[in-house]
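J.: Protein chains in written order, with my numbering: chain X, 1 to 188; chain E, 1001 to 1188; chain Z, 2001 to 2188; chain L, 3001 to 3188.
Since the hints were made in silico from the structure, they are not lab data.
Quick reminder that beta carbons are idealized off the backbone N, C-alpha and C, glycines included.
Certain hints may be false.
Here are the computed distance ranges between Cβ atoms for each label pair [as the list claims (entries may be wrong)]: (1) E:Leu1034 - Z:Glu2036: 41 to 47 Å; (2) L:Asp3117 - X:Asp14: 33 to 39 Å; (3) E:Ser1051 - L:Ala3128: 42 to 48 Å.
Just so you have them, the derived chain E footprint on chain X, three or more residues with Cβ under 8 Å [to be verified]: (4) 3-15; (5) 23-35.
Examples of chain L residues toward chain Z, derived with CB under 8 Å [to be verified]: (6) Glu3041; (7) Val3110; (8) His3126; (9) Gly3179.
Residues per chain, in single letters:
Number of protein chains: 4
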Amino acid sequence: MLDVGVSGGIVAADAGYAMMAGGDRSAFDHCRPLFEAMCQENGWGLVDERSGAGHFTKMVHNAIEYGMMQAIAEGFDLLERGSYEGLDLRETARIWNHGCIISSFLMQMVQSALDRDAKLSDLKPHVADSGEGRWAAFEAMERAVPFVANTYALQARHISRDDDSFAFRLLAAMRREFGGHTVKESPR
Amino acid sequence: MLDVGVSGGIVAADAGYAMMAGGDRSAFDHCRPLFEAMCQENGWGLVDERSGAGHFTKMVHNAIEYGMMQAIAEGFDLLERGSYEGLDLRETARIWNHGCIISSFLMQMVQSALDRDAKLSDLKPHVADSGEGRWAAFEAMERAVPFVANTYALQARHISRDDDSFAFRLLAAMRREFGGHTVKESPR
Amino acid sequence: MLDVGVSGGIVAADAGYAMMAGGDRSAFDHCRPLFEAMCQENGWGLVDERSGAGHFTKMVHNAIEYGMMQAIAEGFDLLERGSYEGLDLRETARIWNHGCIISSFLMQMVQSALDRDAKLSDLKPHVADSGEGRWAAFEAMERAVPFVANTYALQARHISRDDDSFAFRLLAAMRREFGGHTVKESPR
Amino acid sequence: MLDVGVSGGIVAADAGYAMMAGGDRSAFDHCRPLFEAMCQENGWGLVDERSGAGHFTKMVHNAIEYGMMQAIAEGFDLLERGSYEGLDLRETARIWNHGCIISSFLMQMVQSALDRDAKLSDLKPHVADSGEGRWAAFEAMERAVPFVANTYALQARHISRDDDSFAFRLLAAMRREFGGHTVKESPR
């Protein structure tokens, strides 16, 4: 059995996919013409001779993706609200994609998103997640491998979808209780 | 010069304060009657002979307080929304204050807050912070002392007050851009 | 079926345990004499009528415990290595247990550990973990409940036991690769 | 005054630098020939008309860099020690640079580092940091902008250099104190 994890996003339909295969080498060799037809040059390979390794690798790929996205998003948030409020995010994203250490496919996505609307005003601050980030976080915990930034990137998405957090309300309640601190009361 | 950090919250007006002094020992000895009058037994002392050490200690105290509060708040959030949704939070808080490893003044505050209203329905999920947590996080970074949980507890409060996060909107924008993932659109 | 989570540590053999029960109320009522015999006053109760809720509650208890311990440990690390290096940790722990917001059973444990040896010089920086913290982190991720500080407290223990981190070596390798930064080379 | 933040690493001497300028537009226009001579096409621009904005932008760039590096390093650590221990890291890095969502300059650095030695056996797990990541974390805290993953990436480097962590020893001490748990004793 050969298993194949696939990455590339919607642009890959034109640009070619990336494929990570796991399983028997003879099965892999048999499929070479498929990989050559569908993938970018150098964008495919056998990562391990055990079946499952392909999707395992793709799962870790997605966890890294979450972490990199979180790092980028926090940075632009700081640009947008830091001491130079109003600085040109589009110009910045463009420069960051041409010769910077952080140039990347994800930064190109940021660049095109900001080019369309630098205020992102049609979007709500809610971020979905699919399963791979969570599986990777589980695996890391199961194996006692530290996975802090990537796990947090997943947890941040959970936070983004939690509009009436019980945890935050309890924090406010504790402060009121011990310090008599004023709180924001709900109209409910 | 003697500097004195004070803790105890509003109940300390009756129960006695806790005081951490920094500075000259003779000045400290001179003030003993004051400490005895205002503090709980054993709840005061000279932490260092350098002025400023008292408030430094109190600053670190507050950073720990943030971290402990965050740990507790996350735990009750999981009780409230975990596999046993609806389990009795008041009963739990009471037990946790009588013989458990996590029994603490803060847990007593949780107990009395929940006793008043286990749903905390009059509170908004907005958490304020005063300066000490931030100063401690700065100091830790300045000295390269890892301070992850306590720094996060501060950052969590920032998150709680950020209702239209640019970072979260940019994450959603990236997902739409590379994956064609559906997003929650804003009515704006 | 009645399930009962137990807390209290080794001192509980004398001081009385804390017990969180889950299951049928009649079974719970039947066992009252046992709870009364073994527990602290108010330190036992039925948290939910579904079996399993007792251990679920105890599992969350332990995750909070990890988070609180991490918060405290980071604070003392900052006291020990901050701007007032050498300040009196024992005195501080004592004051913090008498009237401070962060007074707690765990802080008492710190106080007695420091009283024995304020340098903790017989200990290696390796921290074990049992399963409950991990289960709670899994459960939180499964239910999309943010659990950042408590999960990190677990991950910190993994970090503590990872003496030749591949992640850290790869970070150093990347820095050398793109920046020509000097690295600490291994004698291997 | 025109200030110019520069990125690109050592390869930029050949490939061209990236430059983020802040300050007066006429001063910027005056310097265009310099930017054209030293930078990659599209790899330079005026991010804001206030002096200082160039280095501010470069500072945030470096914080993102830390976060992205941490995300990548954690992922490879999980590949190296996860369920498919021994899978081919070089092959994986190569595929990830050809058509994957996480393809990036930093991933190319990983690829060349692993090509030289997939075990990174000449490196110690110690990671240095220069000032920018710290300044960005300060700025974020000052402005109450959540910056969790990028701040953690900095703190992880502090952890990497802390071989005899007092925090970890105190955690072990607390466990021994309340639970009688065995600890790793130091030969000291």
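J.: Each hint: holds or not?
T.: Results for each hint:
The hint said 41 to 47 Å for the Cβ distance between leucine 1034 (chain E) and glutamate 2036 (chain Z), and at roughly 45 Å that hint holds. The hint said 33 to 39 Å for the Cβ distance between aspartate 3117 (chain L) and aspartate 14 (chain X), and at roughly 36 Å that hint holds. Serine 1051 (chain E) and alanine 3128 (chain L) have their C-beta atoms about 34 Å apart, which leaves the hinted 42 to 48 Å range violated. Counting residues of the segment 3-15 of chain X whose CB falls under 8 Å from any CB of chain E gives 3; the rule of at least 3 is met.
With 0 residues bearing a CB less than 8 Å from a CB of chain E, the segment 23-35 of chain X misses the requirement of three and the coverage assertion fails. Evaluation of the glutamate 3041 (chain L) hint against chain Z yields a violated restraint, the C-beta minimum of about 20 Å exceeding 8 Å. Interface restraint check: valine 3110 (chain L) against chain Z, minimum CB-CB distance 6 Å, threshold 8 Å, status holds. With a least beta-carbon distance of about 4 Å to chain Z, the hint placing histidine 3126 (chain L) at the interface is held under the 8 Å criterion.
Checking glycine 3179 (chain L) against chain Z: minimum C-beta separation of about 5 Å stays under 8 Å; hint holds.
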